[in-house]
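K.L.:
Single-letter residue listing:
2 protein chains.
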Amino acid sequence: MTTPRRSSPSQEEIRRQNLGALLRHVHMRGAASRAELTADLGLNRSTIGALTAELIAAGLVSEEVPKDTTRSRAGRPSLVVSPESERWYVYALSVEVDRVRAARVGLGGAILDRREAPREREHEAAEAAAPLAELVHDMHRHVPAESVYIGCGVAVCGMVRRADGAVRLAPHVGWEDQPFAEAMKAELRYDAPVSLGNVADLSALAEHTRGSAAGLDNVIYLYGDVGIGAGIIAGGRRVTGHGGYGGEVGHMVVHPRGHKCGCGSQGCWETEIGEGAIMRAAGREHLSGRDAVLAVVDAARRGDASAQTATRQVGDWLGFGVANLVNIFNPEMVLFGGTLRDIYLVAAAAVRSRLNGLALPVCREHLQLRTPSLGEDAALIGAAELAFEGLLANPLAA
Amino acid sequence: MTTPRRSSPSQEEIRRQNLGALLRHVHMRGAASRAELTADLGLNRSTIGALTAELIAAGLVSEEVPKDTTRSRAGRPSLVVSPESERWYVYALSVEVDRVRAARVGLGGAILDRREAPREREHEAAEAAAPLAELVHDMHRHVPAESVYIGCGVAVCGMVRRADGAVRLAPHVGWEDQPFAEAMKAELRYDAPVSLGNVADLSALAEHTRGSAAGLDNVIYLYGDVGIGAGIIAGGRRVTGHGGYGGEVGHMVVHPRGHKCGCGSQGCWETEIGEGAIMRAAGREHLSGRDAVLAVVDAARRGDASAQTATRQVGDWLGFGVANLVNIFNPEMVLFGGTLRDIYLVAAAAVRSRLNGLALPVCREHLQLRTPSLGEDAALIGAAELAFEGLLANPLAA
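Protein chains in written order, with the working numbering: chain B, 1 to 398; chain F, 1001 to 1398.
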């Protein structure tokens, strides 16, 4: 039940909304015929024609006669509208514990170029911005003339204040209250907005719009790195919470007498399924980092008994926490991203069996467990969506 | 990010939406002047006048000159539009473990009449429908002539399939896959819809629209009875999950080596804060029922040391689970309803101190803990909203 909504937008607002809806449609779903747009957007043919003409004039879409068409009885085939993918682009960045990644993403969501570099765990926000900007500047030298830069989106494995892009807390990256969007904007030196989001939230967004969870309304995307986070979609919309800090499932306490957590608490879920837990379970406490986790998974896959015990144990705790989330959210799909993807792939049986033991049958009856179809690109594509938001809300303001 | 929405509703749809918005406004917020409606609904004065006239003709609202008005410079005071509260009504029912309640609720949300009766724990759905219908029929004999019955809403402490009002699972009521809406409709013998919802969901709805949480977008309503459930509002909308079974926080496992739960699992939150846990902690395992819980709370309030230890212990576990939910949802408010209201009132310090120890500071920084301002009426008022939904969606179809 919501409060009564304002019911009479101006003509200008309606036009802007419709332009945004059309551009968003081709951005999200790719080229579409005018007939499809008419049906999908619920607008009449002449309105679609007028909107398309405006977007063509702005250089945002192009239109062509479809190549291979069986002529319909009516005669003329419906023109096909495509986003100008190469012309409009954003930069999408991902700050992870051990590496930073950058991509140039075109309207329509295609990754046009990409770079990656290792990250020093002790780097503060200001120090991290410079090498990231370096990756961007390197790509920028190869951008075709006539291309238009829209903005930059950044995925961070931490808690982000959306209003100003400050990182409130990112324990595994080692940041607290750091104005990273500002630092990044200063290093980039381009006159366009820089927006920040949480990596799990943005990955969930990407999978929900273009990946495994497309078309589903109740989805949980779990992201594992050193810690654990979730991007949650409920009723088709992201659960962000009051300040935007929701989804901190890694700090759901699952084991009251469990291990000390970096957050100061004890027995948090990430102390049982995070990087440290995997290394501990495998008897490799002296190692850390993404590659060390993947080495354990790899050893388990090759039949190493102690690695198999470790992945089974972590898989068991993974299923434990997923069961809690399933009872709370009754989702259609849970996605395992980051290093949890690899853990899930070798320990799926342990995850499912613990889950089935703890989740109410009614809450899990239509549940699918999956790995993200966008893989590691989900974070980048989600960050790109953040950067495209302004353009899609008001296409002709660009 | 949602799919493009259909952007051109017909004139008829717009009129229906506007009629619904106006009626919902006075239903939710009470009498309002035409000037207030014009401002709040974003419609112009003549549209508000025309819509009001239609609703008056249908007998849904009335209009009058305000009694005590300081004349504005413009001269005529703005007419005040009120819902016809006595004329349009629904029945709201609540099926609890040890009792059933029924109320007649008028348009605008006022409880016009009410009845209550004890419930036998072993009664099946069909057996429970008859005594509930008896309460309704008794109220019905006192309904003024000219009054119009809209429908019936029922709150059940169990998992409800919204589509057909079947109770999928209500372990503490002892029901599984029972077509309760159908049974209730047959017993009532009135030709109007009967809708079912979960008690925590409906209480959350009521508190969110008319109670402590009015105006807040991120709210968790915890309902305690024999078991524990939650109604969750995220981003202004109820989190229902794929099948409508979300919010089963009572079966979030918080204690891997804890007590056996009725659901077949072990260490569920409700084994630490439900009725059984309270009785166990107080050394009164031989007692059960709502009154037994309230007796423990009362003893604690009067200084009984073992009752105080018990409520502190339960309060500690209450804070434990709330911390998990706060990390997941970053809510603005958590409400304690049902018997949790009473537990919270004597154990607030234990709840808050455990919560502060486990919830991330960023996730709890704007959190308020509260008891429901509608008290036990929340379930009935929420059930009434369910019954009013059809009328508010399309006022003139009634």
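No lab work stands behind these hints, which were simulated from the structure alone.
A few of these clues could be false.
Heads up, simulated DMTMM-like pairs for lysine to aspartate or glutamate below, C-alpha to C-alpha not over 25 Å straight-line [claimed, not checked]:
# : chain 1 : residue 1 : chain 2 : residue 2
1 : F       : K1260     : B       : E365
2 : B       : K260      : F       : E1084
3 : F       : K1260     : B       : D316
This one's a predicted model, so the numbers in the text were calculated from it and none came from an experiment.
K.L.:
Identify every previously stated hint that the structure contradicts and give their numbers, smallest first.
P.N.:
Structure breaks hint 2 only.
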